[in-house]
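Numbering (the working numbering), first residue to last: 48 to 415.
Keep in mind that the hints are not guaranteed to be accurate.
[To be verified] Taking lysine to aspartate or glutamate pairs in the DMTMM-like style, the calculated list, with each CA pair at most 25 Å apart, reads:
hint : residue 1 : residue 2
1    : LYS364    : GLU204
2    : LYS301    : GLU354
3    : LYS123    : ASP403
4    : LYS327    : GLU340
[To be verified] Label pairs and their in silico Cβ distance ranges:
hint : residue 1 : residue 2 : range
5    : ILE75     : LEU324    : 32 to 40 Å
6    : ASN87     : ILE331    : 55 to 63 Å
7    : ASN90     : LYS302    : 56 to 64 Å
8    : ILE75     : VAL325    : 23 to 31 Å
9    : ARG148    : ASP228    : 44 to 52 Å
10   : LYS327    : ILE136    : 25 to 33 Å
If you're looking for bench data, these hints aren't it; they were derived computationally from the structure. Note that CB positions come from ideal geometry on N, CA and C, so glycine has one too.
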Amino acid sequence: MFLNQRKKAFSKLGEYLILIVESQTKKISAEVISKKISLNDSNRFQEAHKLIQEYIDSSTRHNPWFTQEFLLSAIKAIGESLFTENLNIWLNKYENSIDHRERKTIGVVMAGNLPLVGFHDYLTILISGNSICAKLSHDDNKLLPLLNEILIAIEPEFDGMVTFTQEKLTDFDAIIATGSDNTARYFEYYFGKYPNIIRKNRNGVAVLNGNETTAELEGLADDIFMYFGLGCRSVSKLFIPKGYDFKELFSSFKKYHYLEHHSKYANNYDYNKAVFLVNKIKFIDNGFVLLKEDLSFSSPISVLYFEYYDRIEDLTKWIETQKDKIQCLLSNKTIGDIECLPLGKAQQPDLWDYADGIDTLQFILSLK
């Protein structure tokens, strides 16, 4: 199977994901979907599609953080990333080095903080013609194996290239492991002798100047609150100019006020507020999120850290020294030579926006 076949298969998988999202409101039948994406194995598709629909309808039973709204947002974002033009842009500089290589087996320890958070590693390994052995998180172990069944129904040659497990990984040529700073030490101890990518804690950071438009601030609200702020790209820290007026920012947060009715989020909010009150820690409360002035990057659920700055030039120099803690930086202005995303784009990474800035595809292609 050559690269063009693999690209075509993943592009069709992307079409399927978009149709899945649309079917939640348009009631598109499985038969219509199967005709649109040209299957090779209809029976396999029908069985997996049925289970996917059941999972979407009951996702919070498996993981209370995976609400249907956020689950569908993740599915849609992945589907859009798999448009043919995106695959072509991403793979263009690698095309001559992907095919005609010895197949490797890449072990992947996947996180479970967001729905389908390990999909990019899955995609990168398979589209480069390699096999994947993935250790799934208990928090996100349902949907990716089902999507893998859809992929095989589209292109049967992927059958046998994917193994999912909850056991210890063995028999691999290289490893990709995602976790916290604590688990990273464990990963480095056990996997250090293999070619590896080991990812640690990172967060999204936004730099505001007080001149943001309403649309930009509403986009920032998405960056902060989508997926309950559990992602490594979620904005957990704001840098704001001295004298900043929070009024418009709080107004943009209103569309996420419903999070206060989510039991787990509300429990975190109540707990953190109680801790701040007992310890006489200053904070700003808008009813469902707590803003706390803090030097740290990684804030607890329901808490947003902020820090004041005087001169953007000084802030730029400081951010340069903290790059290894920042997954993405967002602003409506340039911040020195640091690459910035527009506000509202943290949860919509392109295929070439690699976690921790490490080119996963180049890493895989460099294996001997």
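Looking at the structure, which of the earlier hints fail to hold? 1, 5, 7, 8, 9, 10
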